[in-house]
Amino acid sequence: MQFLGRVGAVLLGLSLILAMCLPAGAADPITIGVLGPMSFTQGEGHWNGATMAADEINQAGGVKVGNVMRPIKLIKIDTNEFLSIPDATNAVEMAVSRYKVDFLIGGFRTEAVQVMQDIAMDAKKIFIGCGAAHPALCTRVTKDYDRYKYWFRLTPINSSYLGKVDFILLGTVGAIMKAQLGLDKIKVAVVAEKAAWADPIVRAAQKVLPGKMGMEVVGVWRPSPVAKDCTAELAAIQRSGAHIAFTTFSSSVGLTFAKQLGELKVPAAPVGINVEAQKTGFWSATGGKGEYTVTINTFARVKITDKTIPFYDKYLKTFKEAPNYTAGTYDAVYILRDSIEKAGTIDSAKLVPFVEKTDMIGTSGRVVFDKSHDVKWGPGFVTGLGTQWQGDQNLCIWPYKWHGITYEGTVPYKLPPWVVEHWKKK
Amino acid sequence: MGLLGVYFRRTVTILRSEVLVLPSRIAVLVFIVALMALPLFTQDYYFLRVLILTSIFAIFAASWDLLSGFTGQMNFGHALFFGVAAYVTALLNLKLGLPPYFSIPLGAVGGVLTGLVVGIPCLRLKGSYLALTTLAFPIILTGLVFAIPDVTGGELGLAGLSRLTGSRVMDYYLTSGLMVILGFAMWKITDSKTGIILHAIREDELAVRTSGVNTTRYKLLAFCMSGFFAGVAGGLYAHFMRLAGPSGLEVGLSFQVIIWAVFGGMVTIYGPIAGVFILYPLMEVLRVALDSFPGLPEMRMFIFAALVLLTLLFMPEGLIPWVRDKVEIECPRCKVRNAFNRKRCRVCDAVLD
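Same order as they appear, the protein sequences are chains A and B.
The first sequence maps to residues 0 to 425 in numbering that gives the first Met the number 0.
The second sequence maps to residues 0 to 352 in numbering that gives the first Met the number 0.
Derived by calculation from the structure, the hints in this document are not laboratory data.
All C-beta atoms, glycine included, are put in the ideal place defined by N, C-alpha and C.
Please note: incorrect hints may appear among the correct ones.
From the structure, some residues in chain B lie toward chain A, with a derived Cβ separation under 7 Å [as the list claims (entries may be wrong)]:
id	residue
1	Y44
2	Y45
3	R48
4	L155
5	L242
With a Cα cut of at most 20 Å, we get these calculated DMTMM-like pairs of lysine to aspartate or glutamate [as the list claims (entries may be wrong)]:
id	chain 1	residue 1	chain 2	residue 2
6	A	K72	B	D290
7	B	K94	A	D143
8	A	K99	B	D43
9	A	K75	B	D290
10	A	K313	A	E407
11	A	K163	A	D143
12	A	K142	B	D149
13	A	K302	A	E407
14	A	K184	A	E215
15	A	K349	A	D369
16	A	K99	B	D290
17	A	K193	B	E249
18	A	K413	A	D391
19	A	K123	B	D43
20	A	K193	B	E154
21	A	K123	A	D143
22	B	K342	B	D324
Okay, chain A solo, but in the shape it has when bound:
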């Protein structure tokens, strides 16, 4: 009996020691489902951004829910949404009903995100979108607030705002060319990949450029999104006398076009959307010929806020790749943490008013949501960036004195030297 008593005392002591050694980690984790096409660079961005934020928060002790510190647990949900919409919806249903996630972040393809939204709304779970840009996703919030109030879009800025930034970049470069080269009227070649999403931009360019911007559209070229040769288009652009090639590329044609434009020294400055030029591998993929390419971007190594450069450097060091816009999941996790700590609960319904009141300095700007739960765009909020490849660096060139905004680290735009040489002679 005496022996059993000793064993009991030792076990009790061990239990107490164990209990004292288990602080935040022992509490139930807060689970966040990270949704994305994980075999693709967009999904990697979703996952990488979220893991960085979750690691930082967990190392700092976790999220304070009432009086308890709870860790964040991320669940990687491969939505495969590029290949199959039903696959994507099954994945979200699994996250909600099987893994019982508390929140959802991510998503990319608009058509798939709509159905994901419905599943999240049925489950009454907060879903912060970090990938799909279509405004209609947020219009649902204003149309049926009670059902869709759990949806928020953090990144990218919606496609209407993206369009605005696109034309601002074009106008900026046009103004620089006019000033530096003494041109009277800027001639623009509209080059957009043959894809449905690019159609509205082409239509807008044909309308806005001659009307509001005083530029001339010399032609429209629509190469295949996967074209391996753009010399025919480039030769035609050169013959048309265009000063600027206004690009709209999301696929590999962006690499081909930029590389061949540099190789052939076509005297038209490339400006617009070129998703390939947002990637770190662009420089080596074009063999340096893609220099001077300008594209819309979300992240660059500039001081948008105090958080941007540390985030950019850490991301680059950890993943050997600059962050793309889907890595905005980083801010999404912090928005959830801040709201949970203020509300003292992880109940999505009670949390919505706190997320709505978000006013956070994030990595891509000051994050505030409008009435449709869309991230606000403009001076003083998230602005987006224009970046240009100068040497082997993708540097921020816009905003540059735009409404008094120039982020620290922003450099002036540089015209390609062969463009200057060609148009100076004339």
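Given chain A, work out where chain B should sit, using these hints.
Structure of chain B alone, referenced to chain A:
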């Protein structure tokens, strides 16, 4: 009471003489009973969702088999019927407010009309020319979808359709019940006089024409019937997902249906249904199984493709005909199928090898 007794005795007789004599039919019976009983054991939303989509795609795959398997009209753009019906269903539901029990049948009529539109120009084409022409139609329609976004919703598609039924369990019973009924209907069509003519057209169209059969009419009929069944699947899909979008017309979906049908076994109707019931949930099983191994979840598609390829390498006729040939033997005299353990034919009493 007496009438009920008669029906009961008749059912038992049919079961004993027609169903319980063959392992493949017993398997079908067990499958249907299991399918109907499943919600009694689990009402897991995710599980039911996967099975609802499986039932919808099973109707779709069987409809492809009816046209391409039985009639030999190789259709590489079968998603056209599915997609058109989904859009028609969505428009009727969203613009006219028609409930699913009206919008889905009318969407299927859209599939029939599409069958006519596609069938007429394809009547003179055969083999790879027919396959490539049919492949072009959904691509053309995708262009049209993007050209009139005010009607079709463009890239976003048409979202916010009313729900199929009020609950997930009811959705399950509706889709799985329709799958069983429509699958049986398709099987009966192929077993009928019309089915024999369709089969004969596939084997030798010239010989059928010389027999005085208007093959043009039958080929068009095959396109329309296939369009109808695929249309029902498209309508169910639109209401269940609450979305009809360009993804319903994608080439990938057209090829997916061929993979399911070829894997399960063409020219059987039940083969493609079984193919979908194996392959579609398999993707989800792989998702769950591979989740615990870092790096492997992204290999899901690769593992899936390797499994399909290996199966077809060893079972070129498809999985179900291969299994059926193992458990059943054909009578050398009357060609009736018998269970593998029988010594004599159940119909003509001939000795079985």
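Results for each hint:
1. Y44: 4 Å, holds
2. Y45: With Cβ-Cβ at 5 Å, under 7 Å, it holds.
3. R48: Constraint on R48 of chain B satisfied, holds at 5 Å.
4. L155: L155 of chain B check passes; min Cβ-Cβ to chain A is 5 Å, inside 7 Å.
5. L242: Result: holds, 5 Å to nearest chain A Cβ.
6. A:K72 / B:D290: 15 Å, holds
7. B:K94 / A:D143: 18 Å, holds
8. A:K99 / B:D43: Roughly 12 Å separates the two Cα atoms, so the pair holds.
9. A:K75 / B:D290: OK: K75 of chain A and D290 of chain B at ~9 Å, within 20 Å.
10. A:K313 / A:E407: 18 Å, holds
11. A:K163 / A:D143: 27 Å, violated
12. A:K142 / B:D149: Between K142 of chain A and D149 of chain B the Cα gap is close to 18 Å, so the pair holds against 20 Å.
13. A:K302 / A:E407: Within the cut-off at roughly 5 Å; holds.
14. A:K184 / A:E215: 7 Å, holds
15. A:K349 / A:D369: 19 Å, holds
16. A:K99 / B:D290: 15 Å, holds
17. A:K193 / B:E249: 17 Å, holds
18. A:K413 / A:D391: 14 Å, holds
19. A:K123 / B:D43: 17 Å, holds
20. A:K193 / B:E154: 14 Å, holds
21. A:K123 / A:D143: It holds: about 14 Å lies between the C-alpha atoms, which stays within 20 Å.
22. B:K342 / B:D324: 16 Å, holds
Checked against the numbered hints above, the structure violates only hint 11.
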